[in-house]
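There are 2 protein chains.
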Amino acid sequence: MTELHPKGVFCAALTPQHDDLTPDLPRFVAHCRWLLAEGCDGIALLGTTGEANSFSVEERKAILEAALEGGIARDRLIPGTGVNAIPETVALTKHALSLGVDTVVMLPPNYYKGVSTDGLFAAYSEVVERVGDQALKVVLYHIPQMSGIPIPHEVIERLRTRYPSTFVAIKDSSGDQANMEAMIARFPGLAVLVGADPLLLPLLKKGAAGCITATSNLVGKDLATVYRHHADPAQADAVAAAQARIVAARNAVSQFGQIPSLKAALALRTGHEGWRNLRPPLMRLTAADEAAVQRGLTAVAG
Amino acid sequence: MTELHPKGVFCAALTPQHDDLTPDLPRFVAHCRWLLAEGCDGIALLGTTGEANSFSVEERKAILEAALEGGIARDRLIPGTGVNAIPETVALTKHALSLGVDTVVMLPPNYYKGVSTDGLFAAYSEVVERVGDQALKVVLYHIPQMSGIPIPHEVIERLRTRYPSTFVAIKDSSGDQANMEAMIARFPGLAVLVGADPLLLPLLKKGAAGCITATSNLVGKDLATVYRHHADPAQADAVAAAQARIVAARNAVSQFGQIPSLKAALALRTGHEGWRNLRPPLMRLTAADEAAVQRGLTAVAG
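Quick mapping for you: the protein sequence lines, in order, are chains A and B.
Take 1 as the starting number for the first sequence in my numbering and just add one per residue.
Take 303 as the starting number for the second sequence in my numbering and just add one per residue.
Keep in mind that the hints are not guaranteed to be accurate.
Said to hold, decoys possible - Calculated cross-link-like contacts (lysine-lysine; reagent style DSSO-like; alpha-carbon spacing at most 27 Å): (1) A:Lys61 x B:Lys396; (2) A:Lys221 x A:Lys206; (3) B:Lys415 x B:Lys439; (4) A:Lys61 x B:Lys363.
Claimed, not checked - Derived list of chain A stretches under chain B, where covered just means 3 residues or more per stretch with a C-beta under 8 Å from a C-beta of chain B: (5) 44-55; (6) 76-88; (7) 116-130; (8) 277-285.
Derived by calculation from the structure, the hints in this document are not laboratory data.
These numbers were taken from a predicted model, which means no experiment stands behind them.
Note that the Cβ used here is the ideal one computed from N, Cα and C, for glycine as well.
Chain A on its own, in the form it takes in the complex (with noise of 0.2 Å):
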């Protein structure tokens, strides 16, 4: 049997910005090492945590260069580059891989909704015959609550009977677990990444290959412990008190708005107050919103 790729514990980085709401590469650099240092596997830059869909296609291009200029290593980087133009998307997968990076995370069009499954296996298709180099790797992106857009099995079932080494993988960020466990069970080979930190560890157990998550930006440590050590029985503990963190963390950064909250946390970890910036519409916490996410955080540490 073929190994799952990717695998591991990913992160859904968050994209600093100066005070004009320009990406700060120089922090979005330091980010990545700290998220590595800290235990992540890699780092899935600008997908919708990243506020990906906010940036212009120059932009996204700048973010991932200059993740590779800063030293991160390729095969660690698997950026987002689907958006709703064809032509975009595939300027920003050619982009990647001519750039050593071989895999990405690749939204499926979503302005136009209520598709069909012949139109959005139309969709991928028309991308990878465009794309037309052996070397990508797609991971899909299935988060129905933010595309409209979901990616049903069928259209999975089409996609890698006719592109068998290119998609390789989805993200499932529903939260549905009957629906991440019917895809691990019937699609064997495909690499079932979780979007919800928490179901990590009930879905490794069930053969996902790993996660890209939001609350990594935090608790990538606690993850990374539960993925290299939920099947060592001498762990146990070990697991239990990373998963309880895991989850309490992400119920803290759950109330009012997970991005706002990630970059408020940020913030209060680094002491740089630019890590607030968002771009619109996304909006920073108000004051007492933010403070109840620190005390939701603070007892997550304590």
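Assemble chain B onto chain A, guided by the hints.
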């Protein structure tokens, strides 16, 4: 009282494509000319019906430039310029202004769902501030069934208070007649443009400024009749007949999917097969579905 702007019948123009799915610019210009000859007051290019979100920023610029170079007057064009990434919305809007096209239709950023009214206000404000041109006139774009982002009256109020000469209009594609009536009543001076063809007639009677619709790709002449003569008792029969054709055409193209149906109808009218081309995730109709659309439209003509 300031005259409403924009007003009249605007066609949400389809975008014809070559077989390689690049925009067929000469055919697009010819279509725009035909629409104006039919009686449309202007062209709302690069909207939902025009598959705008499926085109890259560069393609969108080329489509607007082609219309101008093809001799369409700049005051007849209201291009869509709103995308998810604010820098790209700013670039598209500045590009239109640089060509003398001062009125644009602007979707809000629509990847993140459930955004706050503060966030939505901030997103539009950020664009206006970055464009920094007093000439700019924005048509807000309310199409919650596609974008997932309704534009609440509170946000309209705040934008018009802060930028009174900029936020001049709203296109309401929700089909919610009560919402359009409420906006007409609450915001004197705001041009409410109806997004559903059959609703033009009833809403003109309430004070709507006109319409931006999809079916006008076929029945622009009838919409123009309704718009120009709805208040003239001597034209009551002509208006009623036009309205009946509008309703029938709208029904005919709404059985399977408006955009593929309208493109199929254009292919049938012009004899040009390429009109059926669409970018995924949209797909052309099956032969059986197209035949059903054709039957419905033949009944309209008969």
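Honestly, which of those hints from before does the structure not fit?
-> Failing hints: none at all.
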